[in-house]
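Chemist: Residue numbers (my numbering): 5 to 95.
Be a bit skeptical, because a hint or two may be false.
What the hints assert, rightly or not - Below, simulated PhoX-like cross-link-like pairs (lysine-lysine); rule was C-alpha separation at most 20 Å, straight line: (1) K22 - K48; (2) K16 - K48; (3) K48 - K15.
Claimed, not checked - Label pairs and their computed distance ranges (CB to CB): (4) S84 - G10: 30 to 36 Å; (5) T24 - D54: 14 to 20 Å; (6) T24 - S81: 27 to 33 Å.
In short, the hints are calculated from the structure, not lab data.
Because the structure is a prediction, the values reported are computed rather than measured.
Built from N, CA and C at the ideal position, the CB exists for glycine as well.
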Amino acid sequence: MTNFIGTTQLKKTLSVGKTTLIRLREEGQLLEGIHYTRIPGGRKFLWNLDLVSDYFATGGGSSHQQAIEAYLQSLPSNQSKKVGRKRLNEK
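Please build the complete structure, drawing on both the sequences and the hints.
Modeler: Written out as structure tokens, the structure reads:
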């Protein structure tokens, strides 16, 4: 399960500044829907701790791209659906 945390907690956990997060967001290095999500109705963000910490650990290289792909595959919307009829319990 993926951990999403607020900006203040992310800054403390990774020892990174708010301006760095803003810059990486604006440069397209941290992507909405992958690295973070916006909370509706406000300017607050929830950050994907696993992917953001992986970004800083790898510098955003090809191994980070693999982490993104693994994350996307783990989402329920990307899981294969079971096909077939449900069986009723027979007595």
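Chemist: Can the suggested window of 30 to 36 Å be confirmed for the beta-carbon pair S84 and G10?
Modeler: holds, 33 Å
Chemist: State, for the Cβ atoms of T24 and S81, whether the hinted interval 27 to 33 Å holds or is violated.
Modeler: Check passed, 30 Å falls within 27 to 33 Å.
Chemist: For K16 and K48, compute the direct alpha-carbon distance and say whether it is at most 20 Å.
Modeler: holds, 16 Å
Chemist: Does the alpha-carbon distance linking K48 and K15 stay inside the 20 Å limit?
Modeler: Distance ~14 Å between K48 and K15 Cα, so the pair holds.
Chemist: Within 14 to 20 Å or not, the Cβ separation of T24 and D54?
Modeler: Holds - the Cβ-Cβ distance for T24 and D54, about 18 Å, lies within 14 to 20 Å.
Chemist: Is the straight-line distance between the alpha-carbon of K22 and that of K48 20 Å or less?
Modeler: Holds: K22 and K48 sit about 12 Å apart, inside 20 Å.
In terms of the numbered hints stated before, the structure departs from none.
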